[in-house]
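Asker: Protein chains in written order, with our numbering: chain Z, 78 to 338; chain P, 11 to 215.
Think of the hints as simulated: they come from the structure by calculation, not from any bench. Note that the Cβ used here is the ideal one computed from N, Cα and C, for glycine as well. It is possible that some hints are incorrect.
Claimed, not checked - For lysine to aspartate or glutamate, the following DMTMM-like pairs were computed, each having C-alpha atoms within a straight-line distance of at most 25 Å:
(1) P:126 x P:198
(2) P:121 x P:84
(3) P:121 x P:157
(4) Z:295 x P:157
(5) P:108 x P:198
(6) P:121 x P:68
(7) P:108 x P:78
(8) P:126 x P:43
(9) P:121 x Z:292
(10) P:126 x P:157
(11) P:126 x P:139
(12) Z:295 x Z:137
(13) P:108 x P:84
(14) P:126 x P:101
(15) P:121 x Z:282
(16) Z:295 x Z:108
(17) P:121 x Z:270
(18) P:108 x P:68
(19) Z:295 x P:177
(20) P:126 x Z:253
(21) Z:295 x P:198
(22) P:126 x Z:292
(23) P:121 x P:139
(24) P:69 x Z:137
Stated by the list, open to error - Some chain Z residues close to chain P (C-beta under 7 Å, calculated; not the full set):
(25) 133
(26) 135
(27) 137
(28) 161
(29) 225
(30) 267
(31) 277
(32) 299
(33) 304
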Amino acid sequence: MQALRTPGLMLAAVIGIMTLAGCATPPPANDPDAVADFNQTNDPLEPTNRVFYAINNGIDAVILRPLAVGYTYAVPQVVRTGVHNALNNLGSPVLLANDIFQTKPHRAGDTLMRFVINSTVGVAGFFDVASDWGYPYHDNDFGITMALWGVPEGPFLYLPILGPSDPRDATGFGADIALDPLTWIGQGSTVADLGYVRYGLTAVDTRAGLLNVLDNVKATALDPYATFRSLYRQHRQSVIDQVRNDNTATQPDWFPHPASH
Amino acid sequence: MLTRRTLLIASLATAALLSPFGRSGRAFAQSTDQAAAFINQTGQALIGIVNGPGSAADKRVQLQQIVDRDVDVDAVARFCLGRFWRGATPDQQQQYTKLFHQVLLNNITGKLGDYKGVTFVLGRTQPGEGGVTVDTTVTRPGSAPTDVQWVVGTATGAPKIVDVVAEGTSLRLTQRSDYASYLSHNNDSVQALLAAMRRQVSNAG
Numbered sequence: 078m079q080a081l082r083t084p085g086l087m088l089a090a091v092i093g094i095m096t097l098a099g100c101a102t103p104p105p106a107n108d109p110d111a112v113a114d115f116n117q118t119n120d121p122l123e124p125t126n127r128v129f130y131a132i133n134n135g136i137d138a139v140i141l142r143p144l145a146v147g148y149t150y151a152v153p154q155v156v157r158t159g160v161h162n163a164l165n166n167l168g169s170p171v172l173l174a175n176d177i178f179q180t181k182p183h184r185a186g187d188t189l190m191r192f193v194i195n196s197t198v199g200v201a202g203f204f205d206v207a208s209d210w211g212y213p214y215h216d217n218d219f220g221i222t223m224a225l226w227g228v229p230e231g232p233f234l235y236l237p238i239l240g241p242s243d244p245r246d247a248t249g250f251g252a253d254i255a256l257d258p259l260t261w262i263g264q265g266s267t268v269a270d271l272g273y274v275r276y277g278l279t280a281v282d283t284r285a286g287l288l289n290v291l292d293n294v295k296a297t298a299l300d301p302y303a304t305f306r307s308l309y310r311q312h313r314q315s316v317i318d319q320v321r322n323d324n325t326a327t328q329p330d331w332f333p334h335p336a337s338h
Numbered sequence: 011m012l013t014r015r016t017l018l019i020a021s022l023a024t025a026a027l028l029s030p031f032g033r034s035g036r037a038f039a040q041s042t043d044q045a046a047a048f049i050n051q052t053g054q055a056l057i058g059i060v061n062g063p064g065s066a067a068d069k070r071v072q073l074q075q076i077v078d079r080d081v082d083v084d085a086v087a088r089f090c091l092g093r094f095w096r097g098a099t100p101d102q103q104q105q106y107t108k109l110f111h112q113v114l115l116n117n118i119t120g121k122l123g124d125y126k127g128v129t130f131v132l133g134r135t136q137p138g139e140g141g142v143t144v145d146t147t148v149t150r151p152g153s154a155p156t157d158v159q160w161v162v163g164t165a166t167g168a169p170k171i172v173d174v175v176a177e178g179t180s181l182r183l184t185q186r187s188d189y190a191s192y193l194s195h196n197n198d199s200v201q202a203l204l205a206a207m208r209r210q211v212s213n214a215g
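If we strip away everything but chain P, and leave its shape as in the complex, we get:
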């Protein structure tokens, strides 16, 4: 009886002690593996589009599907507006997020031509502050290999890209400083930023 109870307590204690570590260890491995697999899949899909046949318009539609599915655009948009997000009205926030989706897609499609014949290999994966960071090395014909890091967040429940860091430069940080500077030279007016973004979208046609 005593032995059995001791055993029971011991096993419970062990379970209690080990399980958090065990679980977090497993979750840790799972989340990094999952992020790496996710980036591999997204990367292959992107390369398939860039190197594949089809007109620019076709490719844009295909890209939009991938961006909508694999990028947490709403979170990136919020991040890029920084402290001005809080000051914006709900209506401005909504307009801004909608415009940001279009601007982001235009920027990505604008870079498409540069990436013909691109290949990539997965590198190290590690958990970080804003999500799991997946390192890749991107190779293009005629240029030196580029280190690109992908930050994968799971705020929406599924893995989604929240940032791309190319050669140490973060896409969302750069975009945020662009908007911050524009706002500071336009009386911190979110309305002015929205107007500028609208012009960008209409210019890109």
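Looking at chain Z on its own, in the form it has when it is part of the complex:
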């Protein structure tokens, strides 16, 4: 409950600040090329977004990046992979819910089998046995679900802590927390503390996975903010297309196939 309240409050605050803060000035109408660029960029809150980008960068430089670098340096690869697997496993209920909302039975089956196998044989998710057994991992979230339902992406948003987003993905982020049984299960400070450990580990694990990518962009881009904006959108679109086009049949192997007769 506590975990839900904090990001929820934060989102509300962010949206409040954003509506109060400045908007980007559109180019003059007599420059159609510039207008087309402006519309394609679809970042009307760019000045505000850039402020949050700068703030996040500051936080990242002094806290998150050093933590991620230290984590990569101090913790052996095997353990990091195990932690990553375990965190993925904890996310399975949310994945499963979204697989079902997206009416992708094969993907839902993969997620369910992964959860069962990895939680048991994989020792609480530390080892990804299911991948070797033919149930590969896929990512999923409510932002993707809404995209498949036809909800438009909306303008670009750069959120404090969370980074690049859009109204659809920001809503999806909140919905995923609400969908997570771990948000609701249990009472008391121990459970709450474990929840924070999980969020903290997720942040460090995610940041560690992005060390090279982010360092590279910051070193090579003339406008890193615009580059992240473009990368985020392209990546999200490709993930959405991937889910949309994944219509693998759920017919089991033992079912009589007409072609095999």
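Guided by the hints, dock chain P onto chain Z, whose structure is given.
Answerer: Just chain P now, with coordinates in the frame of chain Z:
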């Protein structure tokens, strides 16, 4: 006589009907096969350099040879400048293209260290708008396999790489939005972009 003429016409008609399909079908298979073979060859060469011995400077020289030979850098450069290419003077275009060659090479060599021990397998190949797309799956030790698509164009007569799409993010599209944003915050001045690129090149040493 009649039979022979009928036969002749029939065979001509058949030839006329079939040949365009036949030829395009063959060309289609040829161009996709050719693109796949080309990417396989280029990929092996790149991996050979990345995983091979030699100093960073040696590797840079080797990489430059591959980029010059296998990447249509001029076309990528034009694409990345977008609508500003038309507005640039011939002199600016020339300077920009030259700088772009160096920036691209710096960016590629900067990523070299991340790709130690890399392997790849070829996937599906299909014709697309900007050229033939060759799918590969790149595997690095300690990270999940990455889907990388290579777009191969033949505008120069020989197969050349015109774009690399890693996990759905296109290299040239991303670069174009970087430049477009920089230009829009610098009064659309190509001169300012050239100055920034020059700084990048000199900083990279």
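Asker: Take the C-alpha atoms of residue 121 of chain P and residue 270 of chain Z, compute the straight-line distance between them, and say whether it is at most 25 Å.
Answerer: violated, 39 Å
Asker: Between the alpha carbons of residue 69 of chain P and residue 137 of chain Z, is the straight-line distance 25 Å or under?
Answerer: With Cα atoms ~33 Å apart, residue 69 of chain P and residue 137 of chain Z exceed 25 Å; violated.
Asker: Is the straight-line distance between the alpha-carbon of residue 295 of chain Z and that of residue 177 of chain P 25 Å or less?
Answerer: holds, 19 Å
Asker: Taking 7 Å as the limit, does the beta-carbon of residue 304 of chain Z come near enough to a beta-carbon in chain P?
Answerer: holds, 5 Å
Asker: Hey, residue 108 of chain P versus residue 84 of chain P, does the alpha-carbon distance stay inside 25 Å?
Answerer: Between residue 108 of chain P and residue 84 of chain P the Cα gap is close to 9 Å, so the pair holds against 25 Å.
Asker: Below or equal to 25 Å on CA atoms is what counts here, so check residue 126 of chain P against residue 253 of chain Z.
Answerer: Status violated; Cα separation ~36 Å.
Asker: Given residue 277 of chain Z as an interface hint, is its Cβ closer than 7 Å to any Cβ of chain P?
Answerer: Interface hint status for residue 277 of chain Z: violated (22 Å vs cutoff 7 Å).
Asker: Measure nothing beyond the straight line between the CA atoms of residue 126 of chain P and residue 43 of chain P; if it is 25 Å or shorter, mark the hint as holding.
Answerer: Status violated; Cα separation ~28 Å.
Asker: Straight-line Cα separation of residue 126 of chain P and residue 198 of chain P no greater than 25 Å?
Answerer: Violated. Residue 126 of chain P to residue 198 of chain P sits at ~39 Å, over the 25 Å cutoff.
Asker: Residue 108 of chain P and residue 68 of chain P were given as a pair; does the straight-line alpha-carbon distance stay at or below 25 Å?
Answerer: holds, 21 Å
Asker: Against the 25 Å threshold, does the CA-CA distance of residue 121 of chain P and residue 292 of chain Z hold or violate the hint?
Answerer: holds, 10 Å
Asker: Identify whether the interface hint at residue 137 of chain Z stands, where standing means a beta carbon of chain P within less than 7 Å of its own.
Answerer: violated, 19 Å
Figure legend: structure checked against the earlier numbered hints; hints not met, in rising order: 1, 8, 11, 14, 16, 17, 20, 23, 24, 25, 26, 27, 28, 29, 30, 31.
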